[in-house]
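Chains X and Y are the protein sequences, given in the same order. Just so we're aligned: 63 in my numbering is position 63 of the first sequence, and the numbers increase by one with no gaps anywhere. Just so we're aligned: 256 in my numbering is position 256 of the second sequence, and the numbers increase by one with no gaps anywhere.
Calculated directly from the structure, the hints in this document are not laboratory data. The reader is advised that the hints may include incorrect statements.
Said to hold, decoys possible - Quick list of simulated restraints, FRET-style, between CB atoms: (1) Y/Asp159 / X/Gly141: 50 to 56 Å; (2) X/Gln134 / Y/Phe257: 47 to 53 Å; (3) X/Tyr14 / Y/Phe218: 43 to 49 Å; (4) Y/Phe218 / X/Arg215: 58 to 64 Å.
Where a beta carbon is used, it is the ideal one built from N, C-alpha and C, also for glycine.
The residues making up each chain are set out below.
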Amino acid sequence: MATSALELHDVDAYYGDSHVLQGVSFRLGEGRLLGLLGRNGAGKTTCLNVTVGLLPPRRGGVLVFGEEVARLPPEQIALRGVALVPQGRRVFRSLTVRENLAVAARKPTHGTASAWTFDTVYAMFPRLEERKSQMAAHLSGGEQQMLAIGRALMSNPRVLLMDEPSEGLAPQIVADVMTTVRKLKESGLSIVLVEQNPRLVFEIADDIVILNTGRVAVAATTDQVEHGGLDLTQHLGVF
Amino acid sequence: MSLWLTLAVNSFALGGLLFLLSAGFSLIFGLMRIPNLMHGSFFMLGAYFGVTLLSQGVNFWLAALGSGLLTALLGGLIERFLLRRLEGQVLPQVLLTLGFAFIIGDVCLMIWTGDPWQPPTPAHLQGAVQVAGLFFPIYRLVILAVAVVIAVALWILVDWTRLGAMIRAGVDDPPIARVVGIRVSQLFTLVFSLGAALAAFAGVMGAPYLSVYPGLDFEMLPLALIVVILGGTGSLLGALVGSFIIGFLYNFGQAMFPDLAYVILFLPMLLVLVLRPQGLFGKVVA
Numbered sequence: 001m002a003t004s005a006l007e008l009h010d011v012d013a014y015y016g017d018s019h020v021l022q023g024v025s026f027r028l029g030e031g032r033l034l035g036l037l038g039r040n041g042a043g044k045t046t047c048l049n050v051t052v053g054l055l056p057p058r059r060g061g062v063l064v065f066g067e068e069v070a071r072l073p074p075e076q077i078a079l080r081g082v083a084l085v086p087q088g089r090r091v092f093r094s095l096t097v098r099e100n101l102a103v104a105a106r107k108p109t110h111g112t113a114s115a116w117t118f119d120t121v122y123a124m125f126p127r128l129e130e131r132k133s134q135m136a137a138h139l140s141g142g143e144q145q146m147l148a149i150g151r152a153l154m155s156n157p158r159v160l161l162m163d164e165p166s167e168g169l170a171p172q173i174v175a176d177v178m179t180t181v182r183k184l185k186e187s188g189l190s191i192v193l194v195e196q197n198p199r200l201v202f203e204i205a206d207d208i209v210i211l212n213t214g215r216v217a218v219a220a221t222t223d224q225v226e227h228g229g230l231d232l233t234q235h236l237g238v239f
Numbered sequence: 001m002s003l004w005l006t007l008a009v010n011s012f013a014l015g016g017l018l019f020l021l022s023a024g025f026s027l028i029f030g031l032m033r034i035p036n037l038m039h040g041s042f043f044m045l046g047a048y049f050g051v052t053l054l055s056q057g058v059n060f061w062l063a064a065l066g067s068g069l070l071t072a073l074l075g076g077l078i079e080r081f082l083l084r085r086l087e088g089q090v091l092p093q094v095l096l097t098l099g100f101a102f103i104i105g106d107v108c109l110m111i112w113t114g115d116p117w118q119p120p121t122p123a124h125l126q127g128a129v130q131v132a133g134l135f136f137p138i139y140r141l142v143i144l145a146v147a148v149v150i151a152v153a154l155w156i157l158v159d160w161t162r163l164g165a166m167i168r169a170g171v172d173d174p175p176i177a178r179v180v181g182i183r184v185s186q187l188f189t190l191v192f193s194l195g196a197a198l199a200a201f202a203g204v205m206g207a208p209y210l211s212v213y214p215g216l217d218f219e220m221l222p223l224a225l226i227v228v229i230l231g232g233t234g235s236l237l238g239a240l241v242g243s244f245i246i247g248f249l250y251n252f253g254q255a256m257f258p259d260l261a262y263v264i265l266f267l268p269m270l271l272v273l274v275l276r277p278q279g280l281f282g283k284v285v286a
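Construct all of the structure, not just a fragment, from the sequences and the given hints.
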């Protein structure tokens, strides 16, 4: 069996009394890109919150390269090579661009091919270098998205989780972000991409998982999903 | 003529002490949003630790550092095991810290009795320097110098180091800071301990000048509050400027209008609260 970069195993998670994930299982193969789709409230963001330790699951397991992390605090999970590009970007607004990158910087612990540094992040996002002394709050939405991605990369992750990186951005900027995601995938990073818009995901994902009201409705390769004659409209918004 | 100069020197010395006291209060209140009403108690307890060490023949600077460390340890334990359980709950935090202020006050009374302790000014800092025919007491100038050095050190720590950026990130967005790998909880304990240590250090620095006595805690606490409200919470520059304003108002107020000393102290605070609630150097929270 191929190595799983990330595996959720029969995860049950609750917000208060609300049972938001009901026995969710899926796996992300090493070096692959998994598109996580579903309607609003289907549990996509919750899956990511469980993975990074913000919402400990009530039952089930989360394995990062085979190691159980489900009940570790977020900072410990970060140390094991998981990085998040959060929904709404959530850059540290009162820090400068450079400080946002600096606080996340960590040496690679697992011998990844190319180590991310200020230089390589600035090379990927030249805009960030131009604005490195500015407060993150003063950046445009697209620049904040670059910063959120750059911040995640500075920790030299093995698994990158991206939560709706296209949200609220102009179409041209969305295209730029997707180009970046493709580059990251080509660099060998294992990625989970959460999106509302299935078209964006079908273009670059290797595998697709579709959630419907807290359960996995579809888990297949992109090819099977696109050409397998599945009726996706019952799980996704009209598109 | 020389009365005014003496008052000015005293004002700078008191301002320096107030800065050491309120810088920690400002960090704890501004960054961690904890209204730490035992901050005056850290000052008094630190002063008592200091005079005890001094009476054992310990060097003055070692006594000040040792007292700072002991108080940091106590503050860290209270933050870690008690305040941490009340995260984000202002009223319980007020009650807990106020309760501790009373407990510390009573314990100090038991241990150090009700008599005032006034250690002598350290021998190497006694006397005065003469400049242009006027005498300046060395010790008060030393207090001012120490406050300025610590102000610069804190500014560098908070604004220019990675550790400072991590602390600010932890304030901006605690959950995401943790996801990024920042140990927010440990950093906040560190900030709280640092604030306690600074207050204690100030207590020892102030002891030869103010002496140490029961009730010193609740004399210093309102001064720290006024300084931080005047300067703006979380702003080190605000704490510095606020400290010197209050240092001057206190000394000149008491000399010129002794009956109105407290009016002169609290009136500017009221005006700032009404006209500029974020304080002189505070940022408006978006």
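Verification of the supplied hints:
{"no.": "1", "hint": "Y/Asp159 / X/Gly141: 50 to 56 Å", "verdict": "violated (27 Å)"}
{"no.": "2", "hint": "X/Gln134 / Y/Phe257: 47 to 53 Å", "verdict": "holds (48 Å)"}
{"no.": "3", "hint": "X/Tyr14 / Y/Phe218: 43 to 49 Å", "verdict": "holds (46 Å)"}
{"no.": "4", "hint": "Y/Phe218 / X/Arg215: 58 to 64 Å", "verdict": "holds (60 Å)"}
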